[in-house]
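**Q** First to last, the sequence lines map onto chains A and B.
Here the first sequence is numbered in our numbering, starting from 1 and rising by one per residue.
Here the second sequence is numbered in our numbering, starting from 1 and rising by one per residue.
Do not take every clue at face value.
Covered by chain B, per the in silico footprint, the following chain A stretches (three or more residues, Cβ under 8 Å) [what the hints assert, rightly or not]:
| # | stretch |
| --- | --- |
| 1 | 67 to 73 |
| 2 | 126 to 134 |
Pairs of lysine-lysine, BS3-like flavour, derived with a Cα cap of 25 Å [to be verified]:
| # | chain 1 | residue 1 | chain 2 | residue 2 |
| --- | --- | --- | --- | --- |
| 3 | B | K91 | A | K42 |
| 4 | B | K105 | A | K124 |
| 5 | B | K91 | A | K124 |
| 6 | B | K105 | B | K57 |
| 7 | B | K60 | B | K105 |
| 8 | B | K171 | A | K42 |
| 9 | A | K159 | B | K28 |
| 10 | A | K134 | B | K115 |
| 11 | B | K28 | B | K91 |
| 12 | A | K134 | A | K124 |
| 13 | A | K124 | B | K171 |
| 14 | A | K107 | B | K75 |
| 15 | A | K124 | B | K75 |
| 16 | A | K124 | A | K42 |
| 17 | B | K193 | A | K134 |
| 18 | A | K134 | A | K171 |
| 19 | B | K57 | B | K193 |
| 20 | A | K42 | A | K56 |
| 21 | B | K44 | B | K57 |
| 22 | A | K159 | B | K105 |
| 23 | B | K60 | B | K193 |
| 24 | B | K121 | B | K75 |
| 25 | B | K75 | A | K159 |
| 26 | B | K115 | B | K188 |
| 27 | B | K57 | B | K89 |
| 28 | A | K107 | B | K89 |
Hints in this document: simulated from the structure, not taken from any laboratory.
We treat Cβ as the ideally placed atom computed from N, Cα and C, and that holds for glycine.
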Amino acid sequence: MASRGLIPTLFLCAIGAWIVPAVADPAAVPATAARPTLTPAKAADVKKAIAAPGAKAVLVNIWASWCGPCRDEFPDVLKIRRDLGPQGVRVILVSADFDNARADAVKFLGDMGVDFPSFIKQGKDEEFIDGLAKEWTGTLPATLVFDGSGTLRDLREGKQSYETFRSMVEKVLKDGSARPAS
Amino acid sequence: MKQSLALASLIAVAALSAPLHADDAAPKALAIGAAIPMAGEKMKNVDGSAIAVADVKGSKGTLVIFTCNACPWAKAWEDRIVALGNEYKGKGIGVIAVNANDPGKVAEDGYDQMKTRAKDKNFGFPYVVDATSNLARAYGATRTPEAFLFDAQGRLVYHGTIDDNAQEPDKVSTRYLSDALAAVTSGKEIAVKETKAMGCGIKFRA
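Hey, can you work out the whole structure from these sequences and the hints?
**A** Have a look at this one:
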């Protein structure tokens with residue numbers, strides 16, 4: 001019974017943390033400062049976090065701990081959060097690690113200094129893929145950029161550079177489609 | 001004023017509906033009905049021979065699976081891929097597994113490791129090296145594992161994943177590839193022609 005209530009509670013906490021603007025520099029936080037939280041999520045849960053009020057652009061990065069290109073680009077994803085978070089960019093991390101690799105995912109997040117909540121994918125692959133973006137083939141890593149109203153605006157598969165992430169997000173910021181906070 | 005607003009709206013809608021791109025240089029995946037691309041391209045098999053997809057073509061169809069040694073999804077599905085390949089090889093389906101990964105990026109996908117894997121897992125079909133990754137590009141394959149099933153006429157009839165649960169074989173509810181193979185060998189229409197699953201991005205050679 002307790003576990004039934006736990007997941008929604010964790011989810012709400014996760015959403016809450018995204019809504020509050022990030023002021024801390026994730027890379028500056030020692031790995032031991034906070035144990036990264038990894039909340040199980042289906043596509044609908046991630047979409048709720050995307051569409052939560054307050055962001056002008058939302059970058060969703062789907063990664064896995066064993067995925068080399070994911071690990072390579074991860075610091076640049078965090079740098080986007082650091083550099084553009086104050087401008088209204090929300091970064092959402094979704095691990096696609098298998099259940100038996102969850103500890104690896106948590107360790108990687110800790111090693112990267114991630115001290116904010118993130119997700120781990122649950123449920124059937126196809127439901128998750130199409131639930132987030134029908135254009136996504138399912139390949140990792142994948143980076144999706146949504147505007148403030150939760151509309152998908154860009155999608156890239158494979159390892160990307162900081163410059164690419166930045167231009168994906170800045171295009172949305174420039175277009176200005178933020179949904180007013182309610 | 002009204003006209004310019006309408007124009008601005010149209011431009012905005014057009015911009016929002018512009019095609020999203022997976023990769024600037026990545027071709028689209030083969031469409032259902034497409035012919036086998038690069039069918040005559042010879043590739044090095046784990047037994048040392050040079051084999052093309054055309055060489056393994058079956059009387060009832062041909063199954064081309066992009067897979068690899070290292071990817072956790074490929075590993076999770078490996079036993080099921082081998083079982084299906086070995087079963088349908090005897091039912092008129094030509095089967096070939098293709099590794100398009102650059103071993104310079106993933107050492108576990110080297111030729112020697114492929115030979116070991118094919119032997120250890122009893123691959124009853126060729127496991128070949130796509131030495132330029134161009135076969136994968138021609139198919140528009142993006143991940144491992146990714147299956148392409150062609151009918152007897154060499155037209156694509158199924159593209160996608162193996163089944164709907166990589167992690168837990170005992171909890172699979174829909175066996176997409178198995179169902180497609182059963183249909184194509186019995187001359188029936190395939191019910192679900194395209195599916196998706198998560199997979200490791202192919203580590204293309206430059």
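**Q** Each hint: holds or not?
**A** Verification of the hints:
1. 67 to 73: holds (count 3)
2. 126 to 134: holds (count 5)
3. B:K91 - A:K42: Given that 25 Å is the threshold and the Cα spacing comes to 39 Å, the pair is violated.
4. B:K105 - A:K124: violated (29 Å)
5. B:K91 - A:K124: violated (30 Å)
6. B:K105 - B:K57: violated (31 Å)
7. B:K60 - B:K105: With Cα atoms ~37 Å apart, K60 of chain B and K105 of chain B exceed 25 Å; violated.
8. B:K171 - A:K42: holds (18 Å)
9. A:K159 - B:K28: Holds. K159 of chain A to K28 of chain B sits at ~18 Å (cutoff 25 Å).
10. A:K134 - B:K115: violated (37 Å)
11. B:K28 - B:K91: violated (31 Å)
12. A:K134 - A:K124: Holds. K134 of chain A to K124 of chain A sits at ~14 Å (cutoff 25 Å).
13. A:K124 - B:K171: holds (11 Å)
14. A:K107 - B:K75: Cα-Cα ~22 Å, so holds.
15. A:K124 - B:K75: Roughly 18 Å between the alpha carbons, so the hint for K124 of chain A and K75 of chain B holds.
16. A:K124 - A:K42: Since the Cα atoms of K124 of chain A and K42 of chain A sit roughly 9 Å apart, the hinted pair holds (cutoff 25 Å).
17. B:K193 - A:K134: With a Cα-Cα distance of about 16 Å, the restraint between K193 of chain B and K134 of chain A holds, given a limit of 25 Å.
18. A:K134 - A:K171: Holds. K134 of chain A to K171 of chain A sits at ~21 Å (cutoff 25 Å).
19. B:K57 - B:K193: holds (20 Å)
20. A:K42 - A:K56: Between K42 of chain A and K56 of chain A the Cα gap is close to 23 Å, so the pair holds against 25 Å.
21. B:K44 - B:K57: Judged against 25 Å, a Cα distance of about 17 Å means the pair holds.
22. A:K159 - B:K105: holds (13 Å)
23. B:K60 - B:K193: holds (17 Å)
24. B:K121 - B:K75: Roughly 11 Å between the alpha carbons, so the hint for K121 of chain B and K75 of chain B holds.
25. B:K75 - A:K159: Holds, at roughly 22 Å.
26. B:K115 - B:K188: violated (36 Å)
27. B:K57 - B:K89: Roughly 10 Å between the alpha carbons, so the hint for K57 of chain B and K89 of chain B holds.
28. A:K107 - B:K89: The hint is violated at about 43 Å.
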